[in-house]
Amino acid sequence: MPPVTINEEETILGVRRIVNRIGATRADLIPVLQAVTNEFGFISQPAMEELSALMNLPTKEIHSVATFYRMLSTQPRGRHIVQFCESAPCHVVGGREVFASLKQALALEPGQTSPDNKWTLLTTSCLGVCGMGPVILIDTDMYGNVTPEQVKEILSRYE
Amino acid sequence: MKTVRSMILVSNDPESNVRGSEKIFGAFQQQLREYGLTEEVSLSMVSDLGYSYASPLVLIYPEAVVYGPIKAEDVPYIVEEHLYKGRIVEEKRAPAHELSGKVAWLSARKGTLPAQNRVVLKNVGIIDPESIDDYIANDGYQALGIALEKTPDEVISIIKNSGLQGRGGAGFPTGIKWGFVNKTYGDKKFVICNADESEPGTFKDRVVLEGDPHAILEAMSIAAYAVGANEGYIYIRGEYQLAIERVEIAIKQAEEYGLLGENIFGSDFSFKIHVHVGAGAYICGEETALIESIEGKRGEPRSRPPYPTTNGLWGKPTLVNNVETLANIPAIIRNGADWYRTLGTPSSPGTKVFTVLGNVNVTGLIEVPMGITLREVVSIYAKGMKSGSFKLAQTGGSSGSIIPASLQDTPMDFESYKRAGVSLGSGALLICNDEVCIVDLAKVLLNFFRVESCGKCTPCRIGTKRAFDILTGISQGEGTLEDLDELLSLNKEMLELSNCGLGQTAGTPLRDMLNYFRAEVEAHIRLGVCPTGVCPMSAS
Chain A
362 MPPVTINEEE TILGVRRIVN RIGATRADLI PVLQAVTNEF GFISQPAMEE LSALMNLPTK
422 EIHSVATFYR MLSTQPRGRH IVQFCESAPC HVVGGREVFA SLKQALALEP GQTSPDNKWT
482 LLTTSCLGVC GMGPVILIDT DMYGNVTPEQ VKEILSRYE
Chain B
844 MKTVRSMILV SNDPESNVRG SEKIFGAFQQ QLREYGLTEE VSLSMVSDLG YSYASPLVLI
904 YPEAVVYGPI KAEDVPYIVE EHLYKGRIVE EKRAPAHELS GKVAWLSARK GTLPAQNRVV
964 LKNVGIIDPE SIDDYIANDG YQALGIALEK TPDEVISIIK NSGLQGRGGA GFPTGIKWGF
1024 VNKTYGDKKF VICNADESEP GTFKDRVVLE GDPHAILEAM SIAAYAVGAN EGYIYIRGEY
1084 QLAIERVEIA IKQAEEYGLL GENIFGSDFS FKIHVHVGAG AYICGEETAL IESIEGKRGE
1144 PRSRPPYPTT NGLWGKPTLV NNVETLANIP AIIRNGADWY RTLGTPSSPG TKVFTVLGNV
1204 NVTGLIEVPM GITLREVVSI YAKGMKSGSF KLAQTGGSSG SIIPASLQDT PMDFESYKRA
1264 GVSLGSGALL ICNDEVCIVD LAKVLLNFFR VESCGKCTPC RIGTKRAFDI LTGISQGEGT
1324 LEDLDELLSL NKEMLELSNC GLGQTAGTPL RDMLNYFRAE VEAHIRLGVC PTGVCPMSAS
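Line by line, the protein sequences are chains A and B.
Per my numbering, the first sequence runs over residues 362 to 520.
Per my numbering, the second sequence runs over residues 844 to 1383.
Since the hints were derived computationally from the structure, they do not count as laboratory data.
Do not rely on the hints blindly, as some may be mistaken.
[Claimed, not checked] No more than 30 Å apart at the CA atoms, straight line, and that leaves these computed lysine-lysine pairs for DSBU-like:
{"#": "1", "chain 1": "A", "residue 1": "421", "chain 2": "B", "residue 2": "1308"}
{"#": "2", "chain 1": "A", "residue 1": "421", "chain 2": "B", "residue 2": "1299"}
{"#": "3", "chain 1": "A", "residue 1": "513", "chain 2": "B", "residue 2": "866"}
{"#": "4", "chain 1": "A", "residue 1": "421", "chain 2": "B", "residue 2": "1159"}
{"#": "5", "chain 1": "A", "residue 1": "464", "chain 2": "B", "residue 2": "1308"}
{"#": "6", "chain 1": "B", "residue 1": "1229", "chain 2": "A", "residue 2": "513"}
{"#": "7", "chain 1": "B", "residue 1": "1229", "chain 2": "A", "residue 2": "464"}
{"#": "8", "chain 1": "B", "residue 1": "1226", "chain 2": "B", "residue 2": "935"}
{"#": "9", "chain 1": "B", "residue 1": "1140", "chain 2": "A", "residue 2": "421"}
{"#": "10", "chain 1": "B", "residue 1": "1299", "chain 2": "B", "residue 2": "1261"}
[To be verified] Partial list, computed: chain B residues near chain A (C-beta under 8 Å):
{"#": "11", "residue": "1040"}
{"#": "12", "residue": "1141"}
{"#": "13", "residue": "1284"}
[What the hints assert, rightly or not] These stretches of chain B come out as covered by chain A in the derived footprint (C-beta under 8 Å, 3 or more residues):
{"#": "14", "region": "1075-1084"}
{"#": "15", "region": "1271-1282"}
Please read all numbers here as calculations on a predicted model, not as lab measurements.
Idealized CB from N, CA, C, for every residue including glycine.
If we strip away everything but chain A, and leave its shape as in the complex, we get (with noise of 0.2 Å):
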């Protein structure tokens, strides 16, 4: 993975940014690592150390939730998440062969990013939309009924 270089100073005043909106609260670290993961791409360690003295926890306890669930991230990711959801429905109707199709069209297993920054692959839990399986989520965008051949037409839609 290529190194990736925060602005600190910046990172530090978008935390104090977003507890000022949402709330210093222990209830309000949830929201609060959500709003960061999302304006940031990820949790670092600066921004802890910032949650921690705003919030009054310890970096352990905030880093213990933040690596927790699913949607929270301590590590940098790639401009486009994929997400593939692996759960029986979507399985038992070709999503075996759509993984392979799109493991081998990234060219990455899941969790991991690729070289350049575009890609980081995830696979996840069951999204909910079953009734079209297959199905790939690529940032907020969803995909229903994937087959094997329209995996490499679906990434080449992105930058």
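Mind docking chain B on chain A? Use the hints.
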């Protein structure tokens, strides 16, 4: 509501959306303007219309004509023919078996489809979910008014008498749970709606929240009045963006109308609802994990007892109900417990929403009385197998089971399924044909539990991983007969020693696999062959 000559509904569930429902909506807006029909014809985006088969669907009332699948290019012709000239466009009509909801009911009268009796999904696809006026025009908030004129005890006894059981999977009697919270002394109590629907193959709660959000707010208010709470949370999983938006809009509208907030209907009952958005963790559907998560912690289940009914959110007495359970409440209050008992079976009254999936011709959502059989669902609503023959159905999620063909005629209600040693689960019916390998399926299910196990207690954390590894070995031709004994003992250990429902039921696929399909598993081991040809069986 303004009176109009015709009403157009465009389906906008995520599936229709992917297939261009927004464009269709835009095209209708433009065409109605061109024909000068905007005053006479109303146009709404609605949620799921039941079947995803022919989406995007367009419904036009009062004729109740269903068009689908529709493309934006079809719109000018439909407007010209149907709305301007008054002629139904026959060639664009959805075939009969793709109808749903009210429409299914209409065609049922003509004898083409058995009626779906909709209680939970009564308004879904019929009203504009972003309009509180639409909800009110369809008996909305009437039940809250009725409830507030009764005492909390009277409300609870109606729910008890109705026999309503929790629809999240466990089937606990709802009225009794309400009674527990009501009887617990507390200066502060909470009502939580569990909308962290993450059981694989289940999306009934999403459809209710997207299609009829006010019904859940009304039901939560009734529950809060009955148990003595004045604050509530809806915990919606983060993946359900549209549901989150719709619920937030609904809360704002209800507050503006004084249906949420201080002194509702001039009574001394006050109630406020917050939305909590999940951050992606299946385990948060477990009620104590959900509570931990609202408190800003890792979603790890608590040890029980004490139960949330006495020590819930921030240690206060808390009622947690599933979306589908709550969606039944307003209808029960309006029509009475006796009416509700006319639906379903004596031990499991009411209807159940199922999501029908897998290798069948029609997939989607159905609401049917409790006690229908799997064979009826497959042959009537799913219109038969798409290919191959029926092998098994998986009833969804951690509390679900694998249902073999021999149990196809067992009534689907909590009681009968329990007697047969299987479970109804969350309402997903994943229908599998004879091309599905049982080992491969069990592997996928166990992988799910392995990934989603929160890791707090050892039997579940290690057990799910170990079982997955053994199944992987069997699928690669490396299995031994001793492995099967180990799988059974893993099931027993997880069942008896795990802290919460996830671990306790994670072994169910193993047990069912060996109960009903042992020969197929042994073929992998003794003969080194996967009978369906699905498993790689590479090692030899």
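Hint check results:
1. 421(A) x 1308(B): Holds, at roughly 26 Å.
2. 421(A) x 1299(B): Holds - the C-alpha atoms of residue 1299(B) and residue 421(A) are around 17 Å apart, at most 30 Å.
3. 513(A) x 866(B): 25 Å, holds
4. 421(A) x 1159(B): It holds: about 27 Å lies between the C-alpha atoms, which stays within 30 Å.
5. 464(A) x 1308(B): 23 Å, holds
6. 1229(B) x 513(A): 27 Å, holds
7. 1229(B) x 464(A): Answer holds: residue 1229(B) to residue 464(A) is near 28 Å, not above 30 Å.
8. 1226(B) x 935(B): Within the cut-off at roughly 21 Å; holds.
9. 1140(B) x 421(A): 12 Å, holds
10. 1299(B) x 1261(B): OK: residue 1299(B) and residue 1261(B) at ~29 Å, within 30 Å.
11. 1040: 7 Å, holds
12. 1141: 4 Å, holds
13. 1284: 6 Å, holds
14. 1075-1084: Per the Cβ count (5), the hint holds.
15. 1271-1282: Holds, because 4 residues of the region 1271-1282 of chain B bring their Cβ atoms closer than 8 Å to Cβ atoms of chain A.
Of the hints listed earlier, there is not a single one the structure fails to meet.
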